[in-house]
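Chemist: The primary structure of each chain is shown beneath.
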Amino acid sequence: MSEPNLPEKAKVVFEVIKGRRSIRAFEDKEIPDEYLRLILEAGIWAPSGGNLQPWEFVLIKKKDLINKVKLISPGLFGDPAAIVVLCVNREVAKKAGRMGEYLPLMDISMAAQNMMLMAYALGIGSCAVLSFNKVALKELLSMPEHVEPALIVTLGYPKTVPQPPKRKPLKEVVHVDGY
Amino acid sequence: MLTGIKKEELINDPHFKLLSFLISSARGCVYEPQLYGPLRLVDAAARLMDVMENEGKVNDDLRRLRDLIREKMYLVMYDEEGFIRFLDDVSRELAKIIK
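Line by line, the protein sequences are chains A and B.
Each residue of the first sequence is one higher than the one before, counting from -4 in the numbering used here.
Each residue of the second sequence is one higher than the one before, counting from 62 in the numbering used here.
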């Protein structure tokens, strides 16, 4: 589908959305703290159900600790400069009633996407990782009982950038005015 | 109190890294997509070849096999049929080494 004459802001947003890739090989180069702060701040600007903001983020920059997280995370590839563990605070999530079981995971996902888009805009690669051992990670990071690690986002300067995987066409996944 | 190898050494030990990967993967395979099981196994095979290389037990054939795994294992995320063909390729290459 050809893209219409978009406003400048839309062009930038679309370029960032379409340009982001899941990066699994990183350069050995530190990310400035200011950039990490911007990435985390992008996360907290995500929408959340009832504005509960049920998230807490654990930023890990120490190489030896990243290596320990890697030991228990089969889906974490490469050597990222930093990782963010996105957690659900179950005490906060309780306020959403029964929806509190799954709503925070949607909120966390939107926060993660914000972080990854901001990272991309800063020239930093990222990858969302769900394949980690939750029990082990909780123990490793001394998390309290009511805090549950839900997703890891790896961050680092890309060594290689993969080709974009195929997308299902709109006509296959969009239904207008009824299924 | 741990006796024997020091904790810092243990954490960086290639065998221990593989051991951690296997245990963590075992738990993950309970809920992960079915094809992630084969993914973890071939990934573990590549990691094992890293360990073998440190011990001088790898030849060019094994290096090629490891490179093939590292190059193709991500197919699982976007091309299931391609990933299964890749598993066949790895099996075939292994058989050639054994033959």
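Careful: at least some of the hints might be erroneous.
[Claimed, not checked] Below are the SDA-like pairs computed for lysine to any residue, each with C-alpha atoms no more than 25 Å apart in a straight line: (1) A/K163 with B/P94; (2) A/K154 with B/K67; (3) A/K154 with A/N0; (4) B/K133 with B/L83; (5) B/K78 with A/Q48; (6) B/K67 with A/D59; (7) A/K166 with B/D140; (8) A/K163 with B/L83; (9) B/K78 with A/K166; (10) B/K133 with B/M110.
Simulated from the structure, these hints should not be mistaken for lab results.
Please read these numbers as outputs of a predicted model, since none were measured by experiment.
Chemist: Take the hints in turn and mark each one as holding or not.
Modeler: To see whether the hints hold, each was checked on the structure:
no.	hint	result
1	A/K163 with B/P94	holds, 20 Å
2	A/K154 with B/K67	violated, 33 Å
3	A/K154 with A/N0	violated, 34 Å
4	B/K133 with B/L83	holds, 20 Å
5	B/K78 with A/Q48	violated, 36 Å
6	B/K67 with A/D59	holds, 15 Å
7	A/K166 with B/D140	holds, 21 Å
8	A/K163 with B/L83	violated, 34 Å
9	B/K78 with A/K166	violated, 46 Å
10	B/K133 with B/M110	holds, 16 Å
The structure fails hints 2, 3, 5, 8 and 9 (numbered hints given earlier, in ascending order).
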